[in-house]
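A.B. asks: Spelled out from the first residue to the last, the chains are:
2 protein chains.
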Amino acid sequence: MGPKTALRFVYYLLKLPRHDLEVMARSIIALADRIKTCDVCYTYCETPTCDVCRDERRDATIICVVEEPRDISTIETTDSYHGRYHVLGGVLNPIDGMTPDVLRVRELIERVRADESIREVILGLSPTLQGESTMMYLSKQLAQFNRRVTRLARGLPIGASLEYADEITLGDALRGRRDA
Amino acid sequence: MGPKTALRFVYYLLKLPRHDLEVMARSIIALADRIKTCDVCYTYCETPTCDVCRDERRDATIICVVEEPRDISTIETTDSYHGRYHVLGGVLNPIDGMTPDVLRVRELIERVRADESIREVILGLSPTLQGESTMMYLSKQLAQFNRRVTRLARGLPIGASLEYADEITLGDALRGRRDA
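Taken in order, these protein sequences are the chains called A and B. Position one of the first sequence corresponds to residue 1 (my numbering), numbered consecutively onward. Position one of the second sequence corresponds to residue 181 (my numbering), numbered consecutively onward.
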């Protein structure tokens, strides 16, 4: 957010009655007091364990590793995934201080080691430079466990035109072709 | 191209010496005279059969169906495909008069029927609304031959962020996940 947008918000707040500002202030304090991270997957929640981790109908044999809690909401909208999650807390980027010990890599390794029922770990990170190197790193770390480690398919997004696709994506789409 | 760009081209041509204009005019006539379509795959070429169809090192057991000749150049840049092509000449769009008989559907069917060595047909059309319906149509038409019919993978393009992916593409990427 830039300084102009910030100033517009302040002017908006100045027009609100004092009562509304108090409600807002209390909500902001409540964020710090009430929102914790889940003991199992480290997403935000108000209970010790989050809704997904407590839901017995979810498939506990698959974990999808995501960068941030917001990615869980994104994946949930697809209605295509019914397993559990692990929030890494970022992607590797040593220049910005994002090293494996800052991320929840150790927690992931320990979770997979401790739970024999986990048979697949999906690396659900974005196919960016940092996302790719993080997935490569995690893949190596997880190789010791003899569980399936997968990644999201790379290919053409829906509505895309072949003409404007970059060659790496188009190459991925060709190699990853599926029965029609 | 809009009228302003067209006018800019005319002004550019007005500055050229007469000789250059003659060369250009001859090249434009040569386009009509010399550029034909390949007897096998229907791409543009100057010989009865195009370079790809004549190249013995290309895999003749796979055909990739594309919309237009320009898509062949796009796929060739990926360096991931070494089979042959079939130019459909468009996608189905009955409102605009693009019905199966306007496209080279019959030619494709006949080519697959006549050549027993073809073991896979890749439907390399864009994952747009028309592209998808055309692939569905072709897939049904080709089902009679008992050859493999595949389509390009749908998924996240390289560099994409999970946060901004639409749910259909993200769902495709999840279902199409691959070993990391």
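Honestly, the hints are just simulated from the structure, not real lab data. Worth double-checking, as some hints may not be accurate.
To give an idea of the chain B side of the interface with chain A (calculated C-beta under 10 Å), a few residues [said to hold, decoys possible]: (1) Glu-248; (2) Thr-279; (3) Ser-306.
Note that the Cβ used here is the ideal one computed from N, Cα and C, for glycine as well.
A.B. asks: Could you run down the list of hints and mark each one as holding or not?
C.D. replies: Evaluated hints:
no.	hint	verdict
1	Glu-248	8 Å, holds
2	Thr-279	21 Å, violated
3	Ser-306	5 Å, holds
The structure is inconsistent with hint 2 alone, although it conforms to all the rest.
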